[in-house]
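Enquirer: In the order they appear, the protein sequences are chains U and L.
Each position in the first sequence, counted from 1, maps to that position plus 36 in our numbering.
Each position in the second sequence, counted from 1, maps to that position plus 2 in our numbering.
One should not assume that every hint holds.
[As the list claims (entries may be wrong)] Over the 12 Å line for every Cβ pair with chain U, so calculated as not near, a few chain L residues:
1) Ala8
2) Asp47
3) Ser62
4) Leu77
5) Leu106
6) Arg139
7) Pro143
8) Ser177
9) Ser204
[What the hints assert, rightly or not] With a straight-line Cα cutoff of 27 Å, these simulated DSSO-like cross-link-like pairs (lysine-lysine) come out:
10) Lys112/U to Lys181/L
11) Lys236/L to Lys225/L
12) Lys54/U to Lys225/L
13) Lys72/U to Lys54/U
14) Lys221/L to Lys182/L
15) Lys136/L to Lys236/L
16) Lys54/U to Lys61/L
17) Lys112/U to Lys54/U
18) Lys61/L to Lys181/L
19) Lys181/L to Lys236/L
20) Lys211/L to Lys225/L
21) Lys61/L to Lys182/L
22) Lys211/L to Lys236/L
23) Lys225/L to Lys112/U
24) Lys112/U to Lys236/L
25) Lys221/L to Lys211/L
26) Lys211/L to Lys54/U
27) Lys236/L to Lys221/L
28) Lys182/L to Lys211/L
29) Lys225/L to Lys182/L
30) Lys112/U to Lys72/U
31) Lys221/L to Lys54/U
32) Lys72/U to Lys61/L
33) Lys225/L to Lys181/L
34) Lys225/L to Lys72/U
The hints are simulated quantities; they were obtained by calculation from the structure and are not laboratory data.
In this text, a Cβ means the ideal position worked out from N, Cα and C, and glycines have one as well.
So you can see what is in the structure, the chains are spelled out below.
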Amino acid sequence: MTSNPNDTSARLMTLAAKRFRVDASTLAPEDDFFEKLQIDSLQALELLSDVEEAFGVEIPDYELQGVVTFAALAAKIDVRRV
Amino acid sequence: MTAVTAPCTLSHEAGIYELALHGPPCNEIGTTMLSALEDVLTRLDPAQGRALIIHSSLKSGFSAGADLRELHQGLVDRPEALHGPEIRAFLDRTHAVMNALDLLPMTTIAAIHGVCFGGGFELALTADLRVCDKTARFAFPELRLGVIPGFGGIPRLRRDVGNGLVRDLLLTGRSINAKKALDVGLAAQLVAPGQALEVARSMARQAIKFDPDAMTTCKRFMKPLPLAELELEKDHFVRLAQGPVLRAALDRFTSSTDVRPYLP
Chain U
37 MTSNPNDTSA RLMTLAAKRF RVDASTLAPE DDFFEKLQID SLQALELLSD VEEAFGVEIP
97 DYELQGVVTF AALAAKIDVR RV
Chain L
3 MTAVTAPCTL SHEAGIYELA LHGPPCNEIG TTMLSALEDV LTRLDPAQGR ALIIHSSLKS
63 GFSAGADLRE LHQGLVDRPE ALHGPEIRAF LDRTHAVMNA LDLLPMTTIA AIHGVCFGGG
123 FELALTADLR VCDKTARFAF PELRLGVIPG FGGIPRLRRD VGNGLVRDLL LTGRSINAKK
183 ALDVGLAAQL VAPGQALEVA RSMARQAIKF DPDAMTTCKR FMKPLPLAEL ELEKDHFVRL
243 AQGPVLRAAL DRFTSSTDVR PYLP
């Protein structure tokens, strides 16, 4: 079964909202999550740990170079879901 | 009784020592932390404590690694001819501390949360056992800076896990999460966020019940110090650290104000 990228983005934004205590309804797939969540690279690693656990995937850090939007991160997650 | 030595604190109760790291922002290991650890080592008495727990009381994590800002300052301030000898002298001191921790005649446990990178990872690898909470992440980002781990990381990681993982961590600079650390045997136990220290205390209370001779014999037998490799690692690090790649990477690191990851 192929996962729906939109679902992945929505789940990802819910995870991010919970982790950084923001209202999920204020987040959009094309948002720059560093800017929108006002997080640094170490906090991004916290989100990565949440993502890996929630989606049951491993995402090496180097896959995230240049990835700044929820939609782009969701695409990386979908590639790893087997 | 509690003795304070910034940026870490050594305490002792019921036969168990606890070494709390608390040097902000994330327990970077430079000359200040090194001096503090040297002092701690002089105060650890196997007759008084049969276990040592190393943990961080900072929210950010166990340790982000070597103090890169201090290293950069040294490369900027000191004459080039002295870079090699001074880096070598610092590594000699660091290895002496790491080796002494590694060989302590007591059961050592690292309780880890959050970031455990580079030199911090190398410190954790001196421990006999590692307890990780779910937030822990491990990485050796050194190759991203044009060097290799210099505090004994490669020989100690090779001692504990398979070479496939060692190469993956080193040659890509990636980080792994706590669950993966447990799966590959890097972590002895995985616990809920915020619980690593309590679980480490429980482990320590169990460990100190055992006969000291049996415990130290077991340690010597199961966890030999890879001395030849450790010496070789220092040679490689000193050579690479004098090259232009590290200097350029540290220039970028110290001048960057971007919140996004800057490493290649």
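Enquirer: A separate judgement is required for each hint: does it hold in the structure or not?
Expert: Here is how each hint holds up against the structure:
Once the 12 Å rule is applied to beta carbons, Ala8/L is consistent with being away from chain U; the minimum gap is 23 Å. Taking the minimum C-beta to C-beta distance to chain U, about 36 Å, the non-interface status of Asp47/L holds against the 12 Å cut. Its beta-carbon lying about 7 Å from the closest one in chain U, Ser62/L breaks the requirement of being farther than 12 Å from that chain. Every CB of chain U lies more than 12 Å from the CB of Leu77/L, the least distance being 23 Å, so the non-interface label holds.
For Leu106/L, the shortest C-beta to C-beta distance to chain U comes to about 30 Å, beyond the 12 Å cut-off, and the non-interface label holds. Residue placement check: Arg139/L does not keep its beta carbon more than 12 Å from all beta carbons of chain U (closest about 6 Å). A beta-carbon of chain U comes within 12 Å of the beta-carbon of Pro143/L; the shortest separation is about 9 Å. At roughly 5 Å, the least C-beta separation between Ser177/L and chain U is not larger than 12 Å, which violates its mark as non-interface.
Residue placement check: Ser204/L keeps its beta carbon more than 12 Å from all beta carbons of chain U (closest about 24 Å). Proximity of Lys112/U to Lys181/L is assessed by CA-CA distance (about 20 Å); at most 27 Å being required, the pair is judged to hold. For a cut-off of 27 Å, the pair hint linking Lys236/L to Lys225/L stands: about 20 Å separates their Cα positions. About 42 Å separates the Cα atoms of Lys54/U and Lys225/L, which puts this hinted pair outside 27 Å; it is violated.
For the hint linking Lys72/U to Lys54/U, the alpha-carbon distance of about 14 Å falls within 27 Å, and the restraint holds. With a C-alpha separation of about 25 Å, the suggested pairing of Lys221/L with Lys182/L holds against the 27 Å cut-off. Straight-line distance between C-alpha atoms of Lys136/L and Lys236/L comes to about 33 Å, which puts the hinted pair past the 27 Å bound. Only pairs whose Cα atoms come within 27 Å are accepted, and Lys54/U paired with Lys61/L is accepted, the gap being roughly 18 Å.
Restraint check for Lys112/U and Lys54/U: the C-alpha separation of about 20 Å stays at or below 27 Å, so the hint holds. Straight-line distance between C-alpha atoms of Lys61/L and Lys181/L comes to about 20 Å, which keeps the hinted pair within the 27 Å bound. Note on Lys181/L and Lys236/L: the hinted pairing is violated, with a Cα-Cα distance of about 31 Å set against a maximum of 27 Å. For a cut-off of 27 Å, the pair hint linking Lys211/L to Lys225/L stands: about 20 Å separates their Cα positions.
Of the pairs offered as hints, the one joining Lys61/L and Lys182/L holds, with about 22 Å between alpha carbons and a cut-off of 27 Å not exceeded. Straight-line distance between C-alpha atoms of Lys211/L and Lys236/L comes to about 37 Å, which puts the hinted pair past the 27 Å bound. As the CA atoms of Lys225/L and Lys112/U are separated by approximately 39 Å, the hinted pair breaks the 27 Å bound. With a C-alpha separation of about 38 Å, the suggested pairing of Lys112/U with Lys236/L is violated against the 27 Å cut-off.
At most 27 Å may separate the alpha-carbon atoms for a hinted pair to count; Lys221/L and Lys211/L meet this at roughly 15 Å. For the hint pairing Lys211/L with Lys54/U, the CA-to-CA distance comes to about 43 Å; that exceeds 27 Å, so the pair is violated. Simply put, Lys236/L and Lys221/L have alpha-carbon atoms about 24 Å apart, close enough for the 27 Å limit, and the pair holds. Restraint check for Lys182/L and Lys211/L: the C-alpha separation of about 30 Å exceeds 27 Å, so the hint is violated.
Restraint check for Lys225/L and Lys182/L: the C-alpha separation of about 22 Å stays at or below 27 Å, so the hint holds. About 19 Å separates the Cα atoms of Lys112/U and Lys72/U, which keeps this hinted pair within 27 Å; it holds. Straight-line distance between C-alpha atoms of Lys221/L and Lys54/U comes to about 43 Å, which puts the hinted pair past the 27 Å bound. Simply put, Lys72/U and Lys61/L have alpha-carbon atoms about 22 Å apart, close enough for the 27 Å limit, and the pair holds.
Between the alpha carbons of Lys225/L and Lys181/L the distance comes to roughly 23 Å, so the proposed pair stays at or under 27 Å and holds. Restraint check: the Cα-Cα separation between Lys225/L and Lys72/U comes to about 47 Å, which exceeds 27 Å; the hinted pair is violated.
Hints 3, 6, 7, 8, 12, 15, 19, 22, 23, 24, 26, 28, 31, 34 from the list above are not met by this structure, while the remaining hints are.
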